[in-house]
Amino acid sequence: MSSSARLLHSVRTPLEAVGLRTTALFEEAGRFFFILYQTGYWLLRRPFDGRQWLRQMVRVGVDSIPVVGLTALFTGMVMALQTYRGFERFHAEAYVGSVVSLSLTRELAPVLAALMIAGRIGSSLAAELGSMRVTEQIDALYAMATEPIHYLIVPRVAATTLMLPPLVACADGLGILGGYGVAVGLMGANPVVYWEKTFQYLDLNDVFSGLIKAAAFGLILSVTGCAKGFFTSGGAEGVGRSTTAAVVMASLVILISDFFLTKLLF
Amino acid sequence: MNPSPTPAPSPAAPPKIAVVDLWKSFSGKPVLKGLTVEISSGESLVIVGGSGAGKSVFLKHLIGLIRPDRGRVIVDGQDLTSADAAVGLELRKKFGMSFQEGALFDSLDVFENIAFPLRRHTRMTAAEIADRVRECLELVHLPGVERKSPSELSGGMRRRVGLARAIAMKPEILLFDEPNTGLDPITSAVIDNVIVEMREHLPVTMVTITHDMKSAFRIADRVAMLREGVLIATAPPDEFRRIPDPYIQKFIAGEPLEEEVA
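Residue numbers (this note's numbering), protein chains in the order written: chain A, 187 to 452; chain B, 5 to 266.
Some clues are possibly wrong.
[As the list claims (entries may be wrong)] For lysine to any residue, the following SDA-like pairs were computed, each having C-alpha atoms within a straight-line distance of at most 20 Å: (1) B/K218 to B/Q104; (2) B/K98 to B/K174; (3) B/K37 to B/S60; (4) B/K97 to A/Y328; (5) B/K97 to A/T332; (6) B/K97 to A/P334; (7) B/K97 to A/D325; (8) B/K97 to A/R232; (9) B/K97 to A/P233; (10) B/K98 to B/I133; (11) B/K174 to B/P147; (12) B/K174 to A/A331; (13) B/K174 to A/Y328; (14) B/K98 to B/A22.
[Claimed, not checked] Here are the computed distance ranges between Cβ atoms for each label pair: (15) B/T129 to A/S419: 38 to 44 Å; (16) B/E132 to A/W239: 23 to 29 Å; (17) A/K449 to B/T40: 57 to 63 Å; (18) A/G205 to B/G38: 31 to 37 Å; (19) A/L211 to B/D73: 24 to 30 Å; (20) A/V248 to B/R123: 22 to 28 Å; (21) A/T448 to B/G38: 54 to 60 Å; (22) A/V434 to B/P147: 45 to 51 Å; (23) B/K174 to A/S419: 32 to 38 Å; (24) A/S419 to B/E259: 31 to 37 Å; (25) A/L363 to B/P147: 56 to 62 Å; (26) B/G258 to A/S419: 29 to 35 Å.
Don't read these hints as lab results, they were simulated from the structure.
The C-beta atom is built at its ideal place from N, Cα and C for all residues, glycine as well.
Model the full assembly from the supplied sequences, consistent with the hints where possible.
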């Protein structure tokens, strides 16, 4: 290879890699918005499959209570433990309740619940739809004059978006109780003062904004999971790839969009 | 080549399906290259060809699962390729498709799989649906498996349940994607008999793709050979057997081509 050809090759290879990555990124974004748009388009069209909606709501909401509840409980406990120790240094222990309640409702409960649901539901959506794709079950739906996005994706996205806020509300409550238990039971805080301070600076707006965030995260993670599954190719290996990618991508998008949502809402 | 790859349309009876100059490429590799064919109402057309010839891609175009790069698929005078979502869904109600491995929904049992299109598209009562499911299972010689899940069925049974689901809505057009692939000769013959019997019971147009010549000759009114994205011959089974094309003769006999041997 001549030196000029070598130079050309050394410049072209990284440029090609950048080009391929950029194209892949646009492809992913295109698939996400395609599924989002199609879900909106089919959302209120008939036939309305109430049974599917209910089944998915139980799967996303009721079945996720233990994992989200435990996450929130222990997060509240550890928050109380850490802030109590820290605030002790400048005699501000009385404000532990405020810090725990505000950080849980505004930030921790929605984000942690969404990340847990991304792991639990986002992955299973990708795996379920991906295996349906590779075994031609999605083609079979088309062939039976049934729009797969209407039948499969709309109930899943709607259920996840609708169930995240109540799950986060549970998480808020359990996290605050966990914080109370540790501060009062373990660290010796005054229960009356702790309880009063918990709600003194807590605004309804804090809670509602957290719940709005939760719904947005539910939409993001379910659309990501469904898009990864729906466009799966490459057999069992492809299903595995989609499942992993769904969790990684949904988690990243949740964390990134959290910043912008927080800026927008608070 | 004799006979003509594209039969002339009869002015008296418009074709049930007309495929006009169909082109499709994947990642720059052409799979269908200007495929044209007409299928009459009530006819059973079997498309044969080797692996990678474009048979499955062709079949998926017929029902709108794949959009062509160029060309049209016309069903009962309506262009499926340019139809919007609502018209496309209505046109697809005319079809029933049986997939290679059955493509049964894992989450539903056999009864619910067959009842699925009936529940979605008809106002039949529960009793009428149950009767229809039983009738379809009898047509494919599988009575009494209603409550089994797809994972409990053998490969041949799954395909027959797939057939039963495809005919549940009494479609005007039935598509079969390699109904015999991977099955033993006896099960394969059972599937062929089911298809032939179905034709006797239902006034349907059938398009089957396969590379099993025995099966093709059993179920076809017309056999078409697809090679490298082009239909190289179309003829009734008896004429097809006599076409003096070396590729077709070797394909029928199951012998390797000279260039592949070399």
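Going through the hints against the structure:
1. B/K218 to B/Q104: Judged against 20 Å, a Cα distance of about 17 Å means the pair holds.
2. B/K98 to B/K174: At roughly 8 Å apart (the allowed maximum being 20 Å), B/K174 and B/K98 satisfy the hint.
3. B/K37 to B/S60: holds (14 Å)
4. B/K97 to A/Y328: holds (10 Å)
5. B/K97 to A/T332: holds (9 Å)
6. B/K97 to A/P334: With Cα atoms ~15 Å apart, B/K97 and A/P334 stay inside 20 Å; holds.
7. B/K97 to A/D325: Holds, at about 14 Å.
8. B/K97 to A/R232: With a Cα-Cα distance of about 16 Å, the restraint between B/K97 and A/R232 holds, given a limit of 20 Å.
9. B/K97 to A/P233: Holds, because 15 Å separates the two Cα atoms, which is no more than 20 Å.
10. B/K98 to B/I133: holds (19 Å)
11. B/K174 to B/P147: holds (19 Å)
12. B/K174 to A/A331: holds (13 Å)
13. B/K174 to A/Y328: holds (17 Å)
14. B/K98 to B/A22: Distance ~15 Å between B/K98 and B/A22 Cα, so the pair holds.
15. B/T129 to A/S419: 38 to 44 Å: holds (41 Å)
16. B/E132 to A/W239: 23 to 29 Å: Holds - the Cβ-Cβ distance for B/E132 and A/W239, about 26 Å, lies within 23 to 29 Å.
17. A/K449 to B/T40: 57 to 63 Å: Holds - the Cβ-Cβ distance for A/K449 and B/T40, about 58 Å, lies within 57 to 63 Å.
18. A/G205 to B/G38: 31 to 37 Å: holds (33 Å)
19. A/L211 to B/D73: 24 to 30 Å: Given a distance of about 26 Å, which is inside 24 to 30 Å, the answer is holds.
20. A/V248 to B/R123: 22 to 28 Å: holds (25 Å)
21. A/T448 to B/G38: 54 to 60 Å: Given a distance of about 56 Å, which is inside 54 to 60 Å, the answer is holds.
22. A/V434 to B/P147: 45 to 51 Å: holds (48 Å)
23. B/K174 to A/S419: 32 to 38 Å: holds (34 Å)
24. A/S419 to B/E259: 31 to 37 Å: Since A/S419 and B/E259 have Cβ atoms about 34 Å apart, the given range 31 to 37 Å holds.
25. A/L363 to B/P147: 56 to 62 Å: The hinted range 56 to 62 Å holds for A/L363 and B/P147, with Cβ atoms some 58 Å apart.
26. B/G258 to A/S419: 29 to 35 Å: With a Cβ separation near 31 Å, B/G258 and A/S419 satisfy 29 to 35 Å, so the hint holds.
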